[in-house]
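Please build the complex by placing chain U on the supplied structure of chain F, with the hints as guidance.
Those protein sequences? They're chains F and U, same order as listed.
Here my numbering is used: the first residue of the first sequence is 1, the next is one more, and so on.
Here my numbering is used: the first residue of the second sequence is 1, the next is one more, and so on.
Treat the hints as calculated values from the structure; they're not laboratory data.
Glycine is no exception: its CB is placed at the ideal position from the N, C-alpha and C atoms.
Some hints here could point you the wrong way.
Pairwise CB distance ranges, derived in the manner of DEER restraints [said to hold, decoys possible]:
no.	chain 1	residue 1	chain 2	residue 2	range
1	F	Q44	U	S20	28 to 34 Å
2	U	Q16	F	T53	31 to 37 Å
3	F	E55	U	M1	18 to 24 Å
Short derived list, chain F residues pointing at chain U, Cβ under 8 Å [said to hold, decoys possible]:
no.	residue
4	A99
5	S100
6	V130
7	V134
Reference listing, derived: stretches of chain U covered by chain F, where coverage requires no fewer than 3 residues with Cβ under 8 Å from a Cβ of chain F [to be verified]:
no.	region
8	18-26
9	29-43
Chain by chain, the residues:
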Amino acid sequence: MDAPGSPRELEARLARLPNPVRLVFFTQTFGCDTCLSARQVVDQIASLSEQITVEEHNLVLDKEKVAKFGVDRAPAIAVVGEMDLGIRYYGVPSGYELASLVDAVLLAGTGELGLSDESLAAVAGLDRPVDIKVFVTPT
Amino acid sequence: MATAIEAIEFPDLARQYRVSGVPKTVIDETIEMLGVQSEDVFVSHVLQISAEGPVA
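Bound-form chain F, shown alone:
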């Protein structure tokens, strides 16, 4: 058994990815100390499955993509499967957050939301989009 979050464990989990997932990465040329690190993490995850592709856009220059994916900071990662479910990550997904991002990739690639039937039925009644922000730290 590989340690949770280890490259081998992540690779094993991503091996069952049935559908393509795009990691849409937004960078910024100046004033982004962490963009390079974030891009390296994105590349690392993409290296674990042929289903995962990376595309990079510039937060300042690529205004069309910025508007399409609704991002306003860099580094930003949009996790996009067959549909864009609105999953975004701002910052460098290191440590435990690397596993969280892999979870997001699996969600986008499998369509399995991991929610109970009760929860799915409850949120199915929502009549408008809801914005959810979760602040995390890289522990």
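Frame of chain F, contents of chain U only:
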């Protein structure tokens, strides 16, 4: 939109949303939850904001 934000990298956002610990969840700019919540509690908070109508 479901956004994860690394609080140390974006201190201005952490200040704006009064992040005193993690994980901190903010729903539609108004409902706040600190700490890991059960699925039931999380869903009930999402439904609560929906019942209150759109944020002006």
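The hints, checked one at a time:
1. Here the CB-CB span from Q44/F to S20/U is close to 31 Å, well matched to the stated 28 to 34 Å.
2. For the pair Q16/U and T53/F, the supplied restraint of 31 to 37 Å holds, since their beta-carbon distance comes to about 33 Å.
3. At roughly 19 Å, the beta carbons of E55/F and M1/U sit within the given window of 18 to 24 Å.
4. At about 12 Å, the closest approach between the beta carbon of A99/F and any beta carbon in chain U exceeds 8 Å, and the interface hint on this residue is violated.
5. Of the supplied interface hints, the one on S100/F holds, with its beta-carbon coming within about 7 Å of a beta-carbon of chain U, less than 8 Å.
6. The interface hint given for V130/F is met, as the beta carbon of that residue sits about 6 Å from the closest beta carbon of chain U, less than 8 Å.
7. Nearest Cβ of chain U to the Cβ of V134/F: about 5 Å, under the 8 Å cut. The hint holds.
8. Evaluation of the coverage hint for the region 18-26 of chain U: fulfilled, as 6 residues show C-beta separations to chain F shorter than 8 Å, against a requirement of three.
9. Counting residues of the region 29-43 of chain U whose CB lies closer than 8 Å to any CB of chain F gives 4, which reaches the minimum of 3, so the coverage claim holds.
Violation of the numbered hints given earlier is confined to hint 4; every other hint is satisfied by the structure.
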